[in-house]
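J.: Work the whole structure out from these sequences, hints included.
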Amino acid sequence: MRDGENQGPTGAAGTGGANSGKAVLRRELLDARALMPVGERAAAASALAVRALDLPELASARTVAAYVSVGREPGTRALLDALHARGVRVLLPVLMHDNDLDWAAYEGAESLARAPRGLLEPVGDRLGSDAVLGARVVLVPGLAVDGRGMRLGRGGGSYDRVLARLARAGARPVLAVLLYEGEVIERVPAERHDRPVDAAVTPAGVIRFAGAAGQEP
Numbered sequence: 017m018r019d020g021e022n023q024g025p026t027g028a029a030g031t032g033g034a035n036s037g038k039a040v041l042r043r044e045l046l047d048a049r050a051l052m053p054v055g056e057r058a059a060a061a062s063a064l065a066v067r068a069l070d071l072p073e074l075a076s077a078r079t080v081a082a083y084v085s086v087g088r089e090p091g092t093r094a095l096l097d098a099l100h101a102r103g104v105r106v107l108l109p110v111l112m113h114d115n116d117l118d119w120a121a122y123e124g125a126e127s128l129a130r131a132p133r134g135l136l137e138p139v140g141d142r143l144g145s146d147a148v149l150g151a152r153v154v155l156v157p158g159l160a161v162d163g164r165g166m167r168l169g170r171g172g173g174s175y176d177r178v179l180a181r182l183a184r185a186g187a188r189p190v191l192a193v194l195l196y197e198g199e200v201i202e203r204v205p206a207e208r209h210d211r212p213v214d215a216a217v218t219p220a221g222v223i224r225f226a227g228a229a230g231q232e233p
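Position 105 of the sequence shown, counted from 1, bears residue number 121 in the numbering used here, the numbering being contiguous throughout.
One or more of the hints may lead you astray.
Using C-beta positions, here's what the derived DEER-type ranges look like [unchecked claim]: (1) Arg133 - Arg78: 29 to 35 angstroms; (2) Arg130 - Ala101: 19 to 25 angstroms; (3) Glu123 - Gly87: 20 to 26 angstroms.
Simulated from the structure, these hints should not be mistaken for laboratory data. The beta carbon of each residue, even a glycine, is placed where N, CA and C say it ideally should be.
T.: What follows is the structure in structure tokens.
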């Protein structure tokens with residue numbers, strides 16, 4: 017399932033210690049988000065859109081893979097609309113039965129429909145799991161990231177598959193996780209299958225991580 021949703025039985029397996037540490041950290045971060053006032057979340061969403069558009073790669077991208085925020089995730093709707101208004105081809109995920117992600121184009125808020133597990137998904141043609149390979153920037157959900165670029169998701173494994181697919185294909189988009197302030201932390205427990213992101217975007221700005229694979233030389 018998408019990282020923005022509840023953990024399911026098909027989450028990627030790893031070492032017991034890392035899994036246990038991730039579970040504790042997830043709960044702490046989810047509890048902190050639950051305490052955030054609605055007005056603060058709305059202000060964060062507006063600021064996040066502005067900061068994300070500061071990414072030079074996003075400004076020049078023709079295709080961006082993004083997602084529709086749900087629940088208490090950092091809001092993405094303003095960013096999606098800004099990209100769409102610029103003429104950027106925005107790909108949004110469609111959750112499949114095996115928790116992998118298909119993709120479809122975003123054509124505005126009216127093109128979204130309610131889907132299982134509380135998600136909002138595009139209603140357009142399904143483009144296949146490999147459609148993400150054409151994105152210059154891939155925006156991913158998460159709960160936290162550390163200075164190595166190691167991201168903590170919700171444990172569903174959907175974006176682990178996306179990142180693995182990109183790596184297998186030799187694709188090198190900029191990978192950016194969207195977070196609230198305070199969610200760039202000292203260390204995220206990591207497993208062998210975990211892959212780092214290149215940047216974190218928060219309402220305060222963009223943080224780049226050393227050795228970012230997607231950056232231009």
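J.: Decide, hint by hint, whether the structure agrees.
T.: Hint by hint, here is what the structure shows:
1. Arg133 - Arg78: 29 to 35 angstroms: With a Cβ separation near 30 angstroms, arginine 133 and arginine 78 satisfy 29 to 35 angstroms, so the hint holds.
2. Arg130 - Ala101: 19 to 25 angstroms: Holds - the Cβ-Cβ distance for arginine 130 and alanine 101, about 24 angstroms, lies within 19 to 25 angstroms.
3. Glu123 - Gly87: 20 to 26 angstroms: Since the Cβ atoms of glutamate 123 and glycine 87 sit about 23 angstroms apart, the hinted range of 20 to 26 angstroms holds.
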